[in-house]
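A.B. asks: As a plain string of letters, each chain reads:
There are 2 protein chains.
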Amino acid sequence: MSKLENIHIGHGSGGELTRELLDTYIFKTFSNPYLDKKHDGAIVDLEGEIAISTDSFVITPIFFKGGNIGELAVNGTVNDVAMCGAIPQYLSLAFIIEEGLRLTDFEAIVKSVSEAAKRSRVQIITGDTKVVEKGKGDKIFINTTGFGRKHPKAAIDVNRIQSGDKIIINGYLAQHGMAIMSEREGLEFETEIKSDTTNLNFIVNKLLDTFGSDIKLFRDPTRGGLATVLNEIAADTHLGVAIGERFFPIQKQVAAACEMLGLDPLYVANEGVFICVVDASAAGAVLEMMQCDEKGKAAAIIGEFTTEHPQKVVMESMIGGKRIVSPLVGEQLPRIC
Amino acid sequence: MSKLENIHIGHGSGGELTRELLDTYIFKTFSNPYLDKKHDGAIVDLEGEIAISTDSFVITPIFFKGGNIGELAVNGTVNDVAMCGAIPQYLSLAFIIEEGLRLTDFEAIVKSVSEAAKRSRVQIITGDTKVVEKGKGDKIFINTTGFGRKHPKAAIDVNRIQSGDKIIINGYLAQHGMAIMSEREGLEFETEIKSDTTNLNFIVNKLLDTFGSDIKLFRDPTRGGLATVLNEIAADTHLGVAIGERFFPIQKQVAAACEMLGLDPLYVANEGVFICVVDASAAGAVLEMMQCDEKGKAAAIIGEFTTEHPQKVVMESMIGGKRIVSPLVGEQLPRIC
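So the sequence lines, in the order shown, correspond to chains A and B.
The opening residue of the first sequence carries number 45 in this note's numbering; numbering runs sequentially from there.
The opening residue of the second sequence carries number 45 in this note's numbering; numbering runs sequentially from there.
Keep in mind the hints are simulated off the structure, nothing from the lab.
When chains are identical, the list treats them as one kind, so a pair holds in a single copy or across two.
Okay, derived cross-link-like pairs now, EDC-like style, lysine to aspartate or glutamate, Cα gap no bigger than 20 Å in a straight line:
| hint | residue 1 | residue 2 |
| --- | --- | --- |
| 1 | K356 | E64 |
| 2 | K194 | D89 |
| 3 | K366 | D308 |
| 4 | K356 | E60 |
| 5 | K72 | D280 |
| 6 | K82 | D280 |
| 7 | K356 | D280 |
No experiment lies behind these values; they were computed from the predicted model shown.
Build the full structure now, drawing on both the sequences and the hints.
C.D. replies: See the structure below:
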């Protein structure tokens, strides 16, 4: 093993080379009572309502400003579990590696997975490693499946949303997508645009502790961006969504980059961003709590639900005009997560 | 959508095209109360000790004699959960699709997933679909993560294995690997060799119902074959494993194909095969029950644990000689599952 510098097809054989790869990079890094059993699966104690979410990460490049695919694979699934109103506890971790990936890159990614898992207080309890021939994959793909118990006060249900409910966003739009885009295009800006990949489970948990059923929905506008998520919710609720462009938190350099590339930030993927739909009576207090949290400093109420224009998202622009915001059709930016 | 014949990069956008793909192929096929919510995750009720296992499937070709990647992805994870001594209940399902995959192929795979899930009585509760550019993947990769409650009588633990415990196998060796191999090499045999991919959860469940803690371990010898799995168990128990070549159930045409290609069936991947380690006192009764089950007709006691040659697997050959069976080094047959 020490002689190999790159992933070899035999690392996926299930034999000695696989065992060596796991012993060197995985078992030491993630050691815990579940994984240490080295069985095909893990047995954990769970009780009651459990949220489960799965995501495969195929982002390119695998290292980017603000993070890498390993960190993203943890944060992404941790956040999806959190969006269900649950407390992420465990993750599974499955790699599909292209032959020839540098072992130093693999090591860096595994380390990032481990650090991100620690930050989110989730344990990696079971996993899988497959290797495909050169040209049959793209460096590395990662699947994580996360689970955790539902927060006792959570009542997340799109059907509970009513006209008048407010939509609050925690932070700046379009950072992740524009970071990846500028990386791919080799663009440089005065201020560097970094991916905002981060874990949202603690802020979500805190909001649920305090506001419980006043919170009706959490969603993270990743692929497809905010426009797509709002359209999905509008469709599901049969209500209209009214938003105001002037309320969107967006950093100057991100807005400038979007303009330069002709991209609408409403369709650009986010990572460390979520929206919550809250009862109007609690909106002010929710906003205040979010703004006091490191992950919600830029929080803003961006709009509300209405019985007007059902199933449509309508935005009031900066200059006061109104337009329908349609969901994303086709692909704006492939392999963003 | 109806105009597209192939997977398009936009099917992975998270936007309208993704939603159309899911509506057409996924939500209708797998409709259940969890998936119908179309949230980022599902909430299920679980209680007590839960087994969790994850696997990514990268097999090539994606359609083969006896099955396809969809069916394999369900059976493989169902079996891994079963090997933990648990009753599989739920699966997550995540696709990484290469641009250009025929939609008819995708449809056939999704249908197979659905049928295999029904046969195993597991529900697909959450999922993910990503698309990568042509040449950055290989048709389709599938990750499944499975969950299920531990069988109340199960006491699966490699540390409970003692000298004298018997090793029982349920069925014929090397079928899956040789089916894939002959498919790739374009070999034809008098009798067609088919993959033995199948679900093992019901036979495992039945054995646990009756024999409980007399069963100390289940393992399915997939990648790396029987030799690798036995070596892993020998290493973990610090005991020796003594097996007899004459006891191995193997079909004539599979043995012939192995010989022709110079492959040792002990290293060839299996799918519908498992071994169980049982207390010697129960071995006869376990064998009998297995032989009465459709999935265990060819069951045989193939060896036992011993204090001799600790951590080594020693096989008595047909002609009476003894040799050490080492674990698989490198890769015998890549992308077999």
